[in-house]
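*Asks:* Below are the chains, spelled out letter by letter.
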Amino acid sequence: MTTIFGVALPVLMGQLLIGLINGSFYALLSLGLAVIFGLLRIVNFAHGAFYMVGAFVAWMLLSYAGVGYWGALFLAPLAVGVLGMVIERTMLRALYGLDHLYGLLFTFGLALLLEGGFRHFYGTSGLPYAAPEALRGATNLGFMVLPNYRGWVVVASLVLCFGTWAIIEKTKVGAYLRAATENSTLVQAFGVNVPLLLTLTYGFGCALAGIAGVLAAPLFQVSPLMGSNIIIVVFAVVVIGGMGSILGAIVTGYMLGIVEGLCKVFYPEAANIVVFVIMAIVLLLRPAGLFGKDS
Amino acid sequence: MTATDTLTASAKTARGGGAAPQLKVRNLEAWYGESHALHGVDLDIYPGETVTLLGRNGVGKTTTLRAIMGIIRKRKGEVEFEQKSIMRLPLHRIARAGIGFVPEERGIFASLTVEENLTLPPVVAGDGMSLEQIYELFPNLLERRSSPGTKLSGGEQQMLAIARILRTGVRLILLDEPTEGLAPVIVQRIGEVLKVLKTHGVSVLLVEQNFRFASRIADHFYVMDHGQVIDSFPVSELPSRTEALNTALGV
Amino acid sequence: MSATHADTIIMPTRKSPVPVISFAGLVLALVILPTFVYPVFLMKLLCFVLFAAAFNLLLGYTGLLSFGHAAFFGGAAYVTAHALKVWQITPELAILAGVVTAIVLGVIIGVLAIRRQGIYFAMITLAMAQMFYFFCLQAPFTNGEDGIQGFSRGNLFGIIDLNETMNLYYFIAALVVLSLILIWRIVYSPFGQILRAIRENEQRTISLGYSVQRFKLGAFVMSAGLSGLAGALKALLFQFATLADVAWQMSGEVILMTLIGGIGTMAGPIVGAGVLVGMQNFLATSGLPVTMVLGGTFMICVLLFRRGIVGEILHLLERRKG
Numbered sequence: 019m020t021t022i023f024g025v026a027l028p029v030l031m032g033q034l035l036i037g038l039i040n041g042s043f044y045a046l047l048s049l050g051l052a053v054i055f056g057l058l059r060i061v062n063f064a065h066g067a068f069y070m071v072g073a074f075v076a077w078m079l080l081s082y083a084g085v086g087y088w089g090a091l092f093l094a095p096l097a098v099g100v101l102g103m104v105i106e107r108t109m110l111r112a113l114y115g116l117d118h119l120y121g122l123l124f125t126f127g128l129a130l131l132l133e134g135g136f137r138h139f140y141g142t143s144g145l146p147y148a149a150p151e152a153l154r155g156a157t158n159l160g161f162m163v164l165p166n167y168r169g170w171v172v173v174a175s176l177v178l179c180f181g182t183w184a185i186i187e188k189t190k191v192g193a194y195l196r197a198a199t200e201n202s203t204l205v206q207a208f209g210v211n212v213p214l215l216l217t218l219t220y221g222f223g224c225a226l227a228g229i230a231g232v233l234a235a236p237l238f239q240v241s242p243l244m245g246s247n248i249i250i251v252v253f254a255v256v257v258i259g260g261m262g263s264i265l266g267a268i269v270t271g272y273m274l275g276i277v278e279g280l281c282k283v284f285y286p287e288a289a290n291i292v293v294f295v296i297m298a299i300v301l302l303l304r305p306a307g308l309f310g311k312d313s
Numbered sequence: 210m211t212a213t214d215t216l217t218a219s220a221k222t223a224r225g226g227g228a229a230p231q232l233k234v235r236n237l238e239a240w241y242g243e244s245h246a247l248h249g250v251d252l253d254i255y256p257g258e259t260v261t262l263l264g265r266n267g268v269g270k271t272t273t274l275r276a277i278m279g280i281i282r283k284r285k286g287e288v289e290f291e292q293k294s295i296m297r298l299p300l301h302r303i304a305r306a307g308i309g310f311v312p313e314e315r316g317i318f319a320s321l322t323v324e325e326n327l328t329l330p331p332v333v334a335g336d337g338m339s340l341e342q343i344y345e346l347f348p349n350l351l352e353r354r355s356s357p358g359t360k361l362s363g364g365e366q367q368m369l370a371i372a373r374i375l376r377t378g379v380r381l382i383l384l385d386e387p388t389e390g391l392a393p394v395i396v397q398r399i400g401e402v403l404k405v406l407k408t409h410g411v412s413v414l415l416v417e418q419n420f421r422f423a424s425r426i427a428d429h430f431y432v433m434d435h436g437q438v439i440d441s442f443p444v445s446e447l448p449s450r451t452e453a454l455n456t457a458l459g460v
Numbered sequence: 006m007s008a009t010h011a012d013t014i015i016m017p018t019r020k021s022p023v024p025v026i027s028f029a030g031l032v033l034a035l036v037i038l039p040t041f042v043y044p045v046f047l048m049k050l051l052c053f054v055l056f057a058a059a060f061n062l063l064l065g066y067t068g069l070l071s072f073g074h075a076a077f078f079g080g081a082a083y084v085t086a087h088a089l090k091v092w093q094i095t096p097e098l099a100i101l102a103g104v105v106t107a108i109v110l111g112v113i114i115g116v117l118a119i120r121r122q123g124i125y126f127a128m129i130t131l132a133m134a135q136m137f138y139f140f141c142l143q144a145p146f147t148n149g150e151d152g153i154q155g156f157s158r159g160n161l162f163g164i165i166d167l168n169e170t171m172n173l174y175y176f177i178a179a180l181v182v183l184s185l186i187l188i189w190r191i192v193y194s195p196f197g198q199i200l201r202a203i204r205e206n207e208q209r210t211i212s213l214g215y216s217v218q219r220f221k222l223g224a225f226v227m228s229a230g231l232s233g234l235a236g237a238l239k240a241l242l243f244q245f246a247t248l249a250d251v252a253w254q255m256s257g258e259v260i261l262m263t264l265i266g267g268i269g270t271m272a273g274p275i276v277g278a279g280v281l282v283g284m285q286n287f288l289a290t291s292g293l294p295v296t297m298v299l300g301g302t303f304m305i306c307v308l309l310f311r312r313g314i315v316g317e318i319l320h321l322l323e324r325r326k327g
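Top line first, the protein sequences correspond to chains C, B and G. Numbering of the first sequence is given in the numbering used here, commencing with residue 19 and proceeding in unit increments. Numbering of the second sequence is given in the numbering used here, commencing with residue 210 and proceeding in unit increments. Numbering of the third sequence is given in the numbering used here, commencing with residue 6 and proceeding in unit increments.
No lab work stands behind these hints: they were computed from the structure. Remember, it's a predicted structure, so these values are computed and weren't measured experimentally. Where a beta carbon is used, it is the ideal one built from N, C-alpha and C, also for glycine. Careful, some of the hints might be misleading.
What the hints assert, rightly or not - Per label pair, the in silico range of CB-to-CB distance: (1) 448/B / 323/G: 54 to 60 angstroms; (2) 421/B / 208/G: 36 to 42 angstroms; (3) 117/C / 286/G: 27 to 33 angstroms.
One chain only, chain C, in its complex shape (with noise of 0.2 angstroms):
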């Protein structure tokens, strides 16, 4: 049985990957702040709420609807997208020109208001939700047994987090919202109409938290919490690595996941708390944060 530092390796390999599946979440729901905050320069306190909706939608689909995973995958960003923009049209957009502040209280507001309502439908403990037939089971790589959900997992934030990218650094649309962050007056003057990007931009934010709550769901369970719990240390994570980079939030989001599962070997106690322990050495250490591109 091969050791590293006293620990199995296939314990070390099997925390590396529950690390690298948070990492999974820490930078998909980073991302989608980064990308929110970029363009409407609004910090959506209400990301992990909607993180929360998005698992609820696929349970609801599968419990109401007989919708099953796939089907979810597609359908619970899309819902959670919409009533995203259907927020952006209606009360974000108001904020806009406000002290920055305003926004986060709002949105800290409406976390509140998504997170009491569904508990006060569901309760406080989580739901099941098995993951689908497919993904059932593991594989075998030698080194460790890969449960196959969380390798897929794994494949599908790297996948998202990366077309991400690529939309924004690679495509006409990615033009669009890196010009209109840097001067939206400017890009309006130009005949392109911001604020049908600046709805879209919170719409496509909000989905990506929603599917990585699809994602989530078959891990752990669906449960009304899950939102605020995940959102505080994301905010550590953008802190730590800074909203002005979307690959520096993905790259940071990742490590993090990483640094929090491997404490969990060495020093569980600490795991709670490790990101916001390298928070704070950041901050002392380089406050502009590791990629601070941002003011």
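Using the hints, position chains B and G against chain C.
*Replies:* This is chains B and G only, laid out in the frame that chain C set:
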């Protein structure tokens, strides 16, 4: 008594050959917050004209451009383009109406490549230049097309800022101080580009401190002070006005 | 965050009679009210008034939004409860221990948080408070989910029995009124003027030569200490300190109180705390989901009602004058 009324009868009939103005601005007022920046601007631009707005710093030249474009929303008065009022249009529809804007800061985006910057403004009408034609006119943009936009020199950025509007097919371009801070060689180049624009029939409203540059391409001049147009004359009268202008502009 | 002009109208100088009248009125009200209203409810209200006023010092007058004030409130509550239960010291010393804890936490979190500004500042305070929450969750002395309970309030200075409701009432009322006067003095002192200058235009204040970071930290620590006092009094009142006191929802509640009452007004926290505590009392028995109502109220306030109750009133008065 508006500035246009003080034009001599002959001058009036000369402009546009009796056609209606392409851009008609009457009593345009604008505010920056509480501050009343424009106190009733009147001007006309006829199709194909290059019109220059002169004046000292701070009199409201840039504000006039931004108020016409609709970037400043706190405004009153009449702005008609091609006989249709554009006062109520949201900002993102002004370009589609046929007006383009090149701001003083140039507005080149750092997170876009030169080519992305060039192709960003959507094409609003059929008679804009094609990308190939633009690259022919500006070969250095072709050379640097994959560089980030802000890696270009000041002069090249100004070229890029003008070039990207040329592609869109707009019929009136609002140009804010294109030659500011640029070397004489580049200034000359810009003058040539503006001449090309003229041959394409594109109208230009130019804000310029450097009226010697403007005199080579402009058809008509307006002089502004304290948020209003105080004088208006065709380029033919420029030589006789030069001394007075020098005083007025504090040159 | 932008201030209301209002605070320069009603409480401009020390010579103005309005503050003295208001405080006298407040003291009078506090003496009379126990005959009509349950003292326990009043005391709970007073604790949250102090919490909101302490928070408003930071948000309304310095312009810093902290999302982690529960750490100070709940941290002090835990230490005070522990001091009363385990160390068995007199209540005034237990409260002092709680306040000192809050101040220490304030320094630690403050030093880190002020390294960034605006929303990042808010996120850092949230994350640090969450870290403290996890610490409280796992630390043995807090008893985890059960919290610290089952202790006597003890005798104030060794002689006044605080288990007597009215004794406790006058003690808490006195401390809260004194604290409000303290906050008022801070706000209208030269120190407070710099704070307000920082809120209006930080860059300009820096260019005037002020060491802005020190002032921010000072305000943060004062706010933390006073929030801690509120938490310590609450622990004394209910003889109970729990995880709920250090949870992020508590941080959210104090923000909402300040928002509803009126950011940057002296009377705002009083009104806001009153509204929120009253609302919670009402909702607890109504079967409506409290968190949803809280969230909805937040959203409506931010969209339509940013000045808060007191802020709107002052705004209307200003419009009448001018």
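*Asks:* All hints, please: hold or fail.
*Replies:* To see whether the hints hold, each was checked on the structure:
Take residue 448/B and residue 323/G: their Cβ atoms lie about 58 angstroms apart, and the range 54 to 60 angstroms holds. For residue 421/B paired with residue 208/G, a C-beta distance near 39 angstroms keeps the hint of 36 to 42 angstroms intact. Checking the proposed 27 to 33 angstroms range against residue 117/C and residue 286/G shows it holds: the Cβ atoms sit about 32 angstroms from each other.
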